[in-house]
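Undergrad: One letter stands for each residue in the lines below.
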Amino acid sequence: MSNTSVNPADIYGLARHYRFQWEEAQQCYVLLYPEGMVKLNGGAGEVIKRADGSKTVAEVVQQIEAAFPGVPDLQSDVMAMFELAVEKSWLEKRN
Amino acid sequence: MNQVANNGVAAFQTHTQPLWLLAEVTYRCPLHCAFCYNPTDYDKHTQNELTTEQWLQVLRDARKMGALQLGISGGEPLLRDDIEDLVAEAGQLGYYSNLITSGVGLTEKRIAEFKRGGLDHIQLSMHDITKEINNFITDTNTFALKHKVAAMIKGHGYPMVLNVVIHRYNIGHIKEILEMAEDLGADYVELANTQYYGWSLVNRSQLMPTKEQIDHAEKVTNEFRAKIGKKMQIYFVVPDYFSDRPKKCMNGWGEVFMIVTAEGTVLPCHSARVLPNMTFPDVKEHGLEWAWKDSPAFNKYRGDSWMKEPCRTCPEKEKDLGGCRCQAFLLSGDAESADPVCTLSPNHHIIEKAIEDAKNPQLQSQPIVFRTDKNSKRIIGGELKDRVEEFHALP
Ligand code: SF4
Ligand code: SF4
Chain E
1 MSNTSVNPAD IYGLARHYRF QWEEAQQCYV LLYPEGMVKL NGGAGEVIKR
51 ADGSKTVAEV VQQIEAAFPG VPDLQSDVMA MFELAVEKSW LEKRN
Chain Z
96 MNQVANNGVA AFQTHTQPLW LLAEVTYRCP LHCAFCYNPT DYDKHTQNEL
146 TTEQWLQVLR DARKMGALQL GISGGEPLLR DDIEDLVAEA GQLGYYSNLI
196 TSGVGLTEKR IAEFKRGGLD HIQLSMHDIT KEINNFITDT NTFALKHKVA
246 AMIKGHGYPM VLNVVIHRYN IGHIKEILEM AEDLGADYVE LANTQYYGWS
296 LVNRSQLMPT KEQIDHAEKV TNEFRAKIGK KMQIYFVVPD YFSDRPKKCM
346 NGWGEVFMIV TAEGTVLPCH SARVLPNMTF PDVKEHGLEW AWKDSPAFNK
396 YRGDSWMKEP CRTCPEKEKD LGGCRCQAFL LSGDAESADP VCTLSPNHHI
446 IEKAIEDAKN PQLQSQPIVF RTDKNSKRII GGELKDRVEE FHALP
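Protein sequences appear in the order of chains E and Z.
Heads up: the first sequence is residues 1 to 95, going by the working numbering.
Heads up: the second sequence is residues 96 to 490, going by the working numbering.
Derived from the structure by calculation, the hints contain no laboratory data.
It cannot be assumed that every hint is accurate.
[What the hints assert, rightly or not] Think about it this way: if two alpha-carbon atoms lie no more than 30 Å apart in a straight line, the pair counts; the simulated DSS-like pairs of lysine-lysine are:
(1) E/55 x E/88
(2) Z/325 x E/55
(3) Z/343 x Z/325
(4) E/39 x Z/226
(5) Z/343 x E/39
(6) E/49 x Z/210
(7) Z/243 x Z/226
(8) Z/395 x Z/454
(9) Z/270 x E/39
(10) Z/343 x Z/243
(11) Z/270 x E/88
(12) Z/325 x Z/210
(13) E/39 x Z/249
(14) Z/204 x E/88
(15) Z/226 x E/49
(16) E/93 x Z/306
(17) Z/159 x Z/395
(18) Z/226 x Z/395
(19) E/88 x Z/395
(20) Z/306 x Z/322
Small disclaimer: the values here were computed from a predicted structure and weren't measured.
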């Protein structure tokens, strides 16, 4: 049950003790943490990669829109990804 | 500390790539835990450990094959003085690495070196809030040391991951154990109900709690979890004897986990050596790649083509893949049968009997056979027959 609400002005960074890296063998981004790991599909990886504690959610949306021109509904996809990542404790709010 | 840390991991079907490498670098251990999963004949495996150079090669090869989580375990891995070298290599290679330890042998000097080398976390085993039970169940005087080590781990900025094996002697203290974990600043706590392999199987009637105790422990855990929120992640590993369906053991045979033992045997799970008519590959002879992809042992129970009824036509077979092969063999003598934990298994009565036996005061009062070199030699030599004869693979 999600009661997290992500705002465009929020700044998120990777949660403490998490590691995010590109895996050549799997051809995907992964999140690694004590007791587990998650493989991220393309879109999720692009979001987490940019959530580096320096940009607001709105800036991440802009960057992704710029990187993938012409893809519809990016804003809502990115917001949904942030919500999921916060709910799962992958990302932490920094502001 | 020999515990599987696969909780919270989504099951990925790779068929071609191992994701987790568990390096059981030694079977020597200063502790003598009554619930140890190590083989009861471990004394045979304490010679001929792989050299540092051989371990480094294992790390490189597994990483090339796709492994990214590394557990350094044992026995007590810190009994080797080259863990620093392994950690540094793992850091270079980009593993997410974990040292699984009882804490014995961890010093300021060593932990600083691990930090420099890039070790990502340390999983410490804790046993109870009382000194008496800690010292009883491990058959050592290690209570104070564990608290000291916990502080050291925290002090070096590591995530604090506590693993607590749950059994009859500490199951009544779950709330207090969780409070202790909170006081120690734990980030993750794994409450691992004892699974019955190796020494814990020999001591099953002495260790197994009742269903009521487990239900209560789970309730207490849920209450604590609700109170503490995200500050501390708590995993409660449900004991399979008390469920209707078996666990999907190791997320599937040869799917994601690869274990290399102290002498270089490559295994798909901790206790696979108990299985009959199987030759597990030796990393020194065949290398990891062949072991994982081509060895008959790794292919034997991949997928579901090996299954018999009731599993073969069971609509749930993809969920649990018929459970644990080792448990099926140890309890029923048939490695290809359904895990007796399953209520659909024709051998399910074995589990029911074990649960009844654990309530039998006469069996309960038998002495615990602690994991010691001496007891291992006795079991290898055919002693302690009355304690091992119902389990098919234990000598
Ligand atoms: S005796 Fe205890 S500490 Fe040593 S390997 Fe077994 S469970 Fe781990
Ligand atoms: S019958 Fe076999 S496959 Fe079906 S649920 Fe039981 S163990 Fe799993």
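Undergrad: Evaluate each hint against the coordinates.
TA: Status of each hint after checking the structure:
Between residue 55 of chain E and residue 88 of chain E, the direct Cα distance comes to roughly 20 Å. Compliance with the 30 Å bound is thereby established for this hinted pair. For the hint pairing residue 325 of chain Z with residue 55 of chain E, the CA-to-CA distance comes to about 24 Å; that is within 30 Å, so the pair holds. Taking the CA atoms of residue 343 of chain Z and residue 325 of chain Z, the gap is about 27 Å. The hint holds against a cut of 30 Å. Our distance criterion of 30 Å between C-alpha atoms is broken by residue 39 of chain E and residue 226 of chain Z, whose separation comes to about 41 Å.
Using a Cα cut-off of 30 Å, the hinted pair residue 343 of chain Z and residue 39 of chain E holds, with the two alpha carbons roughly 20 Å apart. Distance restraint check for residue 49 of chain E and residue 210 of chain Z: the Cα-Cα separation of roughly 25 Å lies within the 30 Å cut-off, and the hinted pair is therefore satisfied. For a cut-off of 30 Å, the pair hint linking residue 243 of chain Z to residue 226 of chain Z stands: about 14 Å separates their Cα positions. Between residue 395 of chain Z and residue 454 of chain Z, the direct Cα distance comes to roughly 37 Å. Violation of the 30 Å bound is thereby established for this hinted pair.
Between residue 270 of chain Z and residue 39 of chain E the CA atoms are separated by roughly 34 Å; this puts the pair beyond 30 Å, and the hint is violated. Note on residue 343 of chain Z and residue 243 of chain Z: the hinted pairing is violated, with a Cα-Cα distance of about 36 Å set against a maximum of 30 Å. About 25 Å separates the Cα atoms of residue 270 of chain Z and residue 88 of chain E, which keeps this hinted pair within 30 Å; it holds. A hinted pair counts as satisfied when its Cα atoms are at most 30 Å apart, and residue 325 of chain Z with residue 210 of chain Z qualifies at roughly 25 Å.
The suggested pairing of residue 39 of chain E with residue 249 of chain Z holds, with an alpha-carbon distance near 28 Å, which does not exceed 30 Å. Pair hint residue 204 of chain Z plus residue 88 of chain E does not hold up; C-alpha atoms about 35 Å apart against a cutoff of 30 Å. With a C-alpha separation of about 46 Å, the suggested pairing of residue 226 of chain Z with residue 49 of chain E is violated against the 30 Å cut-off. Of the pairs offered as hints, the one joining residue 93 of chain E and residue 306 of chain Z is violated, with about 41 Å between alpha carbons and a cut-off of 30 Å exceeded.
Restraint check for residue 159 of chain Z and residue 395 of chain Z: the C-alpha separation of about 24 Å stays at or below 30 Å, so the hint holds. As the CA atoms of residue 226 of chain Z and residue 395 of chain Z are separated by approximately 45 Å, the hinted pair breaks the 30 Å bound. For the hint pairing residue 88 of chain E with residue 395 of chain Z, the CA-to-CA distance comes to about 36 Å; that exceeds 30 Å, so the pair is violated. Using a Cα cut-off of 30 Å, the hinted pair residue 306 of chain Z and residue 322 of chain Z holds, with the two alpha carbons roughly 25 Å apart.
Checked against the numbered hints given earlier, the structure breaks hints 4, 8, 9, 10, 14, 15, 16, 18, 19 and satisfies all the rest.
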